[in-house]
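*Asks:* Just so you know, the protein sequences line up as chains A and B, in that order.
Reminder that position 156 of the first sequence reads as 156 in the working numbering, one-by-one numbering, no gaps.
Reminder that position 45 of the second sequence reads as 45 in the working numbering, one-by-one numbering, no gaps.
Note that these hints are calculated values from the structure, not bench results.
Please note that the accuracy of each hint is not assured.
For the chain A half of the interface with chain B, some residues (derived, Cβ under 8 Å), not all of them [as the list claims (entries may be wrong)]:
id, residue
1, His28
2, Glu53
3, Ser63
4, Tyr725
Now the in silico label distances, taken between C-beta atoms and shown as ranges [what the hints assert, rightly or not]:
id, chain 1, residue 1, chain 2, residue 2, range
5, B, Ala103, A, Arg81, 22 to 32 Å
6, A, Thr437, B, Ser94, 33 to 43 Å
7, A, Gly55, B, Ser94, 26 to 36 Å
8, A, Val37, B, Ala103, 40 to 50 Å
9, A, Ala44, B, Asn72, 16 to 26 Å
10, A, Ala44, B, Val68, 23 to 33 Å
11, A, Val84, B, Ala48, 26 to 36 Å
12, B, Ala99, A, Leu439, 53 to 63 Å
13, B, Asp40, A, Leu80, 44 to 54 Å
14, A, Gly78, B, Ser94, 49 to 59 Å
15, A, Arg81, B, Val68, 56 to 66 Å
16, A, Glu255, B, Ala83, 53 to 63 Å
17, A, Arg81, B, Ser94, 41 to 51 Å
18, B, Ala48, A, Leu80, 22 to 32 Å
Source: prediction; values computed, not measured.
All C-beta atoms in this analysis are idealised placements derived from N, C-alpha and C, irrespective of residue type, glycine included.
In case you want the letters, here they are:
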Amino acid sequence: MKSLRMLAAGMFRRSRMERDMAEELAAHMDHRTDDLVRAGCAPAEAARRARMEFGAVEGYKESCREARGLAWFDELRGNLRYTVRSLRASPGYALAAGLSLAIGIGANLCSFVSVNSIMLHPFPFAHLERIMLLGEMNTRVGAERNPVAAANFFDWKESNRSFEVLSAFRNWDALLTGTGEPERVQAARVSADFFVALGMAPARGRVFAERECQPGSDTVVVVSHAFQKSHVVSLGQTISLDGRIHTVIGVMPEEFDFPLANQVWAPLAFTPESKSRRDIADLAVIGRLKADVSAERARAEMAALAATLARRYPQSNEGRGVSVQPLGEINDISNRFVTIIWFASGFVLLLACANIGNLQLARFTARQKEMGLRTALGAGRFRLVRQLLTESLVISVAGGLAGLYLGWWQLGLMKTMIPTEVLRWVAGLRHLQIDATVLAFGFGISLAAGIVCTLPSIYQLLRQRSGDGLAETLKEAGRGAVSSRAGNRARTVLVAGEVALALVLLVGAGLMVRTFNRMLAVNAGIDPKGVLTLEVTPSPNAYRDGTQTAQFYQRVLAEMDTLSGVPAAALSGGVGASKWEIEGRDAPQPAEPRPDGRAISGRYFQAMRIPMVEGRSIADQDGPEATRVVVLSQTLARYYWRNSSPIGRRVRLGGASSPWLTVAGVCGDVRDWFGGEAVPIAYVSYRQEPPLAVRFALRTVRDPLHSAGAARMAIRRVDANQAIYNVKSMEQVLAEETSGVKSAATVMSIDAAIALLLALMGSYSVASFFVAQRTQEIGVRVALGASPGSILRMVLTQTARTSALGLAVGLVVAVALSAIMSRTLLHAVAVEPVTFVALTAMLGASALLAAYFPAQRAAHVDPAITLRGE
Amino acid sequence: MPNQAELLPGTLDMLILKAVSLGPQHGYGILLRIGQISGDTLTIEQGALYPALYRLERQDLLDSEWGVSENNRRAKFYQLTPAGVKRLKEETRSWNRTASAVATALSARPQEA
Chain A
1 MKSLRMLAAG
11 MFRRSRMERD
21 MAEELAAHMD
31 HRTDDLVRAG
41 CAPAEAARRA
51 RMEFGAVEGY
61 KESCREARGL
71 AWFDELRGNL
81 RYTVRSLRAS
91 PGYALAAGLS
101 LAIGIGANLC
111 SFVSVNSIML
121 HPFPFAHLER
131 IMLLGEMNTR
141 VGAERNPVAA
151 ANFFDWKESN
161 RSFEVLSAFR
171 NWDALLTGTG
181 EPERVQAARV
191 SADFFVALGM
201 APARGRVFAE
211 RECQPGSDTV
221 VVVSHAFQKS
231 HVVSLGQTIS
241 LDGRIHTVIG
251 VMPEEFDFPL
261 ANQVWAPLAF
271 TPESKSRRDI
281 ADLAVIGRLK
291 ADVSAERARA
301 EMAALAATLA
311 RRYPQSNEGR
321 GVSVQPLGEI
331 NDISNRFVTI
341 IWFASGFVLL
351 LACANIGNLQ
361 LARFTARQKE
371 MGLRTALGAG
381 RFRLVRQLLT
391 ESLVISVAGG
401 LAGLYLGWWQ
411 LGLMKTMIPT
421 EVLRWVAGLR
431 HLQIDATVLA
441 FGFGISLAAG
451 IVCTLPSIYQ
461 LLRQRSGDGL
471 AETLKEAGRG
481 AVSSRAGNRA
491 RTVLVAGEVA
501 LALVLLVGAG
511 LMVRTFNRML
521 AVNAGIDPKG
531 VLTLEVTPSP
541 NAYRDGTQTA
551 QFYQRVLAEM
561 DTLSGVPAAA
571 LSGGVGASKW
581 EIEGRDAPQP
591 AEPRPDGRAI
601 SGRYFQAMRI
611 PMVEGRSIAD
621 QDGPEATRVV
631 VLSQTLARYY
641 WRNSSPIGRR
651 VRLGGASSPW
661 LTVAGVCGDV
671 RDWFGGEAVP
681 IAYVSYRQEP
691 PLAVRFALRT
701 VRDPLHSAGA
711 ARMAIRRVDA
721 NQAIYNVKSM
731 EQVLAEETSG
741 VKSAATVMSI
751 DAAIALLLAL
761 MGSYSVASFF
771 VAQRTQEIGV
781 RVALGASPGS
791 ILRMVLTQTA
801 RTSALGLAVG
811 LVVAVALSAI
821 MSRTLLHAVA
831 VEPVTFVALT
841 AMLGASALLA
851 AYFPAQRAAH
861 VDPAITLRGE
Chain B
1 MPNQAELLPG
11 TLDMLILKAV
21 SLGPQHGYGI
31 LLRIGQISGD
41 TLTIEQGALY
51 PALYRLERQD
61 LLDSEWGVSE
71 NNRRAKFYQL
81 TPAGVKRLKE
91 ETRSWNRTAS
101 AVATALSARP
111 QEA
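Bound conformation, chain A alone (with noise of 0.2 Å):
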């Protein structure tokens, strides 16, 4: 209580205390004064004589105050005024240092905000790691995801017990009209637990009820915070999707989003048909694990289960097993990128701290004297260690501050340059932003960086009041040119650790960018220039076999046929391949290429300008009646048929009852965006396997996008109640796939420039502080006869010897590292050593540069003026 009561009265009345002590002090040398006058001294000589008994007195006062428990007090508001004072005087130190910390800090807070949303929260659920997606897998090649057939997720959520609820869920492209133009709502059809699985209530209304997951009753919708926003729909209200009226009884909180980005949800109804197929797999599952169970654990479970369901139902489950995966992992390559992207800020902000250490390190020398004086005065030497803390603290969070705001800009550029295709394939994409965890990470690593730039100058603290005594400093100070050994090594290992940080840095960027080019070059497989895309999902009610859908189809494209600037107009959509059969040959090996399905119209391969390489395209009369053909890609053609022509061979995509596919042409590949690698691609007609959805592809003469309105009302004209989406140019697509890469490459070039840019600061500022250590000593050369290109080549020699053993450490680094990353990012591209060669030398080349003026400097010395300085 007391010590509370003395802790406040020192707060709030500190100079009182302070001048108490003071007079307690003087009281007690008055009184030896007293004792010493009365043993006969003469007043003056017992005062003096007082004094000297009594010691150093500011010291002891120092003593006192941490003995009353307020020294830390009183030093900080010391401290802190002394710190305001130094960095007033020496304003270009402090705005170097804090500009340098503030970008280094920034680019940090920018990053951590991506690792704190996408990789750390990517959805907001309550006990993440327990939510599993589960899919079949083919055992053979296993680690896949694919859908699951009703019939088998019954039986998992019958038997299994390692979870407490399992629950399955489909994607649905519903068509909203009655709301001003068709459009195409991102909507999934869901078990009534879905939610509880999940863990996550609506913010207003309810969810589905057990007896609106039936056939009939399922005509209930919750609807997501921004379609209920963009939609302006109440509780209660209906909307019309694919030609049914659903009554709207629930909407989601904003931060809801899985299936991410979806719209609507609706109940999942079973029919008791629908309900026992094994030969459909369209859903898709998630679960809750229980509490005590872990991920190994199930999918142990699952493992078994899986069996005894192949062995029960061997026709349509053999082979298939269960794959367990964490919900919180699917961002796994974003997470990867991320992670590079931030260690990449991380190193960028540890060069800043050297720079910073660095300038440090030169106004501590500057500064021995005065050191030395506090010293003597009796400071010590860990009240000076927190004075030299106290300094690059203050700029630190200044620092910080400013980064924080650099980072809020920065982030609301990225933010802007997200294509919002992208929400949906990156988990918490959406969600980026500055929260309490990123605040205190920002405050976190500016007091890890204030402390990690004041280390070398502690180091040379320590080390010198250890070593040569307070006198010695003193009178080298005295003496103006401080030349410490244990400096200038600190120094350079500092420097050399910028160099090789900024050559890690220089590589990494390198790559990404150049994986990014190869991105944009191995698209060769199609020519993406002036190619104008539109997608349409007919809509089931509307169109209700594959009849009337290729009919619609045809028609459209009849209708497109006749715009004027589209010299081909064609169409693409997926369809199933769940098999690979060729007439007269083994089923393939697990591990052999098995094509995708794709329907396409006569003209796509002139559209998309993809080459026939033997025979001849899909053709507008490959109708219901005629044969049933394939045109394979070349990659594939090649792989099964190696020195033989495929035309004419037979070649099936799916089951015994899927029919015979007459092989009538090989195409080029086209290559995937992400890994370069060439796509196997069976395309049939699509006249005669219709898809459900389908992506018109239409070459335009100008801008593709002109021709988009044309291209809406030509589709119209068959059909106004059908939505149109995405219409884009084909080359915005391409950019919204490879916008991850492109962002990664563009935010690593910016910290490689910065780090380059910081290392040439190291460069300069150390070749600058060797000049003006070694003035006189220059100036003696010079007057002995050195000339000034002896000079030149003595401080050049200097940097080019710190240079090139950063360039080796960071070389060794770079390597390791590039290999790491070519690794661990799919298919990035590897760096050649000419990269290396190329980057060593530009970095060393730009350090002797930038010591080269200091050296100018230094060769110009008037040795009459230097020595006279003495």
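Chain A is already provided as a structure; the job is to place chain B on it using the hints.
*Replies:* What follows is chain B alone, placed relative to chain A:
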């Protein structure tokens, strides 16, 4: 000063408490009194006294109050708090125990071992 003994660590606090227990005293007076009651064998570095006083006050063992000294000077007088009285008793007891044990040990003769 030939007869000065090194002060064992931790004994300064005890000596201050003892000195103050004999009656409220200011810093310089405490110093003199310690010299006096120890027969001038124990002396304390003058400045070192004050951090100890501040520490004891913070531990609630001492209380302080401004007053006027016998020299007619303003001085800060310290006195024991009840906690201080108790602490001094404890310290004295434990010191005596240790001291007599050490003394016994040091006066041991070969045959007693």
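*Asks:* State the violated hints by number, sorted upward, taking the hints as numbered earlier in the document.
*Replies:* Failing hints, ascending: 4, 5, 6, 14 and 15.
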